[in-house]
Amino acid sequence: MRDAIFAKIESANAALKTKAAYPDYDMSLVHSLPKLEGSDLWEIFSRNFKYVNGKTMTSVGELVDFLKETKQLHGYCDPALYDAIGSQLAGAGLTVETEYHRDRYDDYQFGITRATGAIAESGTVIIDDDRTSSRLAALSPWVHVAVLDRSEVHRTIPDAIAAFGDSSNIIWCTGPSKTADVEGILIEGVHGPGEQIALLL
Amino acid sequence: MIGTQLIDDYARNISDEKQQSVISGSAAGTNKRYQVLHKDYPDPDAIRKLAASIKDHTLHHLGDYLAKAEQALVSRGVNVHFASTDEDARQTILSILQGHGVTQLTKSKSMAAEEIHLNPFLIENGVECLESDLGEFIIQLDGDEPSHIVKPIIHKNRREIARTFQREGIAADYNDDPETITRRARVYLREKYMQAQAGITGANFVCADTGRLALITNEGNSRFGMAPVGVHIALVGIEKIIPQEKDLAVFLNLLGRSATGQQLTVYTEFINGPKSANQPDGPEHMHVVFMDNGRTDVLASNCKEILRCIRCGACQNVCPVYRQASGHAYRSTYGGPVGAVLSPILFGSRFPELADLPKASSLCGACNEVCPVDIPIPDLLLRLRDKAHRAHIHSPAAIPMSPFAVLATSPSLWRTAMTMSKAMNHLPIQVAPIKPLQDWLGQRTLPDSHGGDFRKWMKNHKPTHKP
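Residue numbers (this note's numbering), protein chains in the order written: chain A, 1 to 201; chain B, 1001 to 1467.
There's no promise every hint is true.
[Unchecked claim] Straight-line Cα separation of at most 20 Å, PhoX-like style, residue types lysine-lysine; simulated pairs: (1) A:Lys50 / B:Lys1032; (2) B:Lys1068 / B:Lys1246; (3) A:Lys19 / B:Lys1068; (4) A:Lys35 / A:Lys17; (5) A:Lys35 / B:Lys1032; (6) A:Lys71 / A:Lys55; (7) B:Lys1387 / A:Lys19; (8) A:Lys35 / A:Lys55; (9) B:Lys1039 / B:Lys1049; (10) B:Lys1359 / B:Lys1049; (11) A:Lys50 / B:Lys1039; (12) B:Lys1387 / B:Lys1359; (13) B:Lys1039 / A:Lys35; (14) A:Lys50 / A:Lys35; (15) B:Lys1422 / B:Lys1387; (16) A:Lys8 / B:Lys1246.
Keep in mind the hints are simulated off the structure, nothing from the lab.
Small disclaimer: the values here were computed from a predicted structure and weren't measured.
With these hints in hand, go ahead and build the complete structure from the sequences.
Structure follows, in structure tokens:
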């Protein structure tokens, strides 16, 4: 079957008088300049992340207040982030697990996982299989907290693509999970998180 | 041949409720798209022209790029399969599932899978196969067909959906609040994700240099469908290839904006292999099925530009015929302007039956104007009309054009006809026993003819000042 398909492609294209060349283009063509206004990457990211209904936070205290206020009191934290974040949550009276149990997927109200980076231009957090502790912990809880380092914010979408590296699975999350399938009305939290938080560490 | 076209009959017979849903849903998409593109880019036209040239280059060298993508995927531990026909694709997927002992799976929205009617086939063969995109899930519960590429249930309203959920036992009671509907689907589907052993997806793009598949959803359903399972199968049309990862920046920026007015779709996933060794969640086995199913026939046709299509649905949103008739009127997986071109050639054996679709257009050009890969849809529609004419396939036209053709090619006949047309003002044409004419006049008032007046005025007119 493979050979038959390649033979049909060759015969279809053999009839072409000229073949289109690969265009030489400058990536700046696809940069959205209004989205990129400003000089500090974290500030640009924050503005655009808010635009897609994400929330940015710069301290664990802020996160604790938010989780208490919204009554999201039990969740998961990447064991590598426990000392920096999970322990403070536990100290403030929240319960934190460092192992995700699939059979209790609905028990976790929040999930704190490591983001590999972010994109300032689009307000996107990047999660990479090689460096994040659990895909499900970033999906099943209502609140997902992506933990970011300031140095990991890419300026543009092309910059983030150029930095893909070797990981077999990379995902960009640009805001909470959402749909407009029912009469075009926007509803957040369809399958994944209804709150997407980027926490700067 | 005089008569009404099938699509006219369809438009006339759909309920007001359904037509209103389609009209308002498609208009909303168009307005948002314009605003976002023009706010973000000084010259969006240059980007779509670039996208068109990247796609053309890829299609003209498709054999090379497809082989390159295959090689990259294989080198990363992915099983690559090829399927010539829809039947080949269905059998390939079934045998992969059987090989892994899969009896239950979830599937994220894929036009390629719609095209080969994968769900009913897998269910017949004992595999529980559930759609996870909210719209597609509702379509599956109703035994319906999607009517829009991006908004599959554009033709349904909340009341219908609430009734479906109650009937199918997704919810105990009737509730048509969109948020409640969504929450109920959330609870039902996540249980299914966790039970499933495999996830089936399509792919929006495949980068030839690294084999990376780009998979796009707003709901996160494809991400969730694959996180707890051991097997991922991606069914991909061979035209989805792009040369390099860097080209993704061009296409992703265009796709989100053209489809839903978003800069980027919420979940954009890039996959070129099984999960990482240290990752607890995700498939250990990945299969990619590259499918032809008529695409090489399209490539060999004089309408190959339609293979540039990135399935954004913008041409559907803007088309006056689509808005009135809805996607189902196009009688195949792909509705609207893209479907009117693609369906008759992609499903070549059905050409005689679908040859009327290229006539279901006023050639207003709105579809080309919004197309993010600049497909000259009106030109392609004309080429297909010509193809039908040459093959002696005559589908009815609302108004016969051959007398007009005779008049329009002879200046003297035209002049005579113009002068004579004034006689029409005194004829009772509103009662003439010609059905198509009556249908046409039923919704319009014909103004009085002033044939020849302009020519007379022009001839006697003296310029008042020199330019």
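Going through the hints against the structure:
no., hint, in the structure
1, A:Lys50 / B:Lys1032, "holds, 19 Å"
2, B:Lys1068 / B:Lys1246, "holds, 16 Å"
3, A:Lys19 / B:Lys1068, "holds, 18 Å"
4, A:Lys35 / A:Lys17, "violated, 42 Å"
5, A:Lys35 / B:Lys1032, "holds, 17 Å"
6, A:Lys71 / A:Lys55, "holds, 17 Å"
7, B:Lys1387 / A:Lys19, "violated, 24 Å"
8, A:Lys35 / A:Lys55, "holds, 17 Å"
9, B:Lys1039 / B:Lys1049, "holds, 19 Å"
10, B:Lys1359 / B:Lys1049, "violated, 27 Å"
11, A:Lys50 / B:Lys1039, "holds, 18 Å"
12, B:Lys1387 / B:Lys1359, "holds, 12 Å"
13, B:Lys1039 / A:Lys35, "holds, 9 Å"
14, A:Lys50 / A:Lys35, "holds, 12 Å"
15, B:Lys1422 / B:Lys1387, "violated, 37 Å"
16, A:Lys8 / B:Lys1246, "violated, 28 Å"
Comparing the model with each earlier hint shows violations of hints 4, 7, 10, 15, 16; every other hint is respected.
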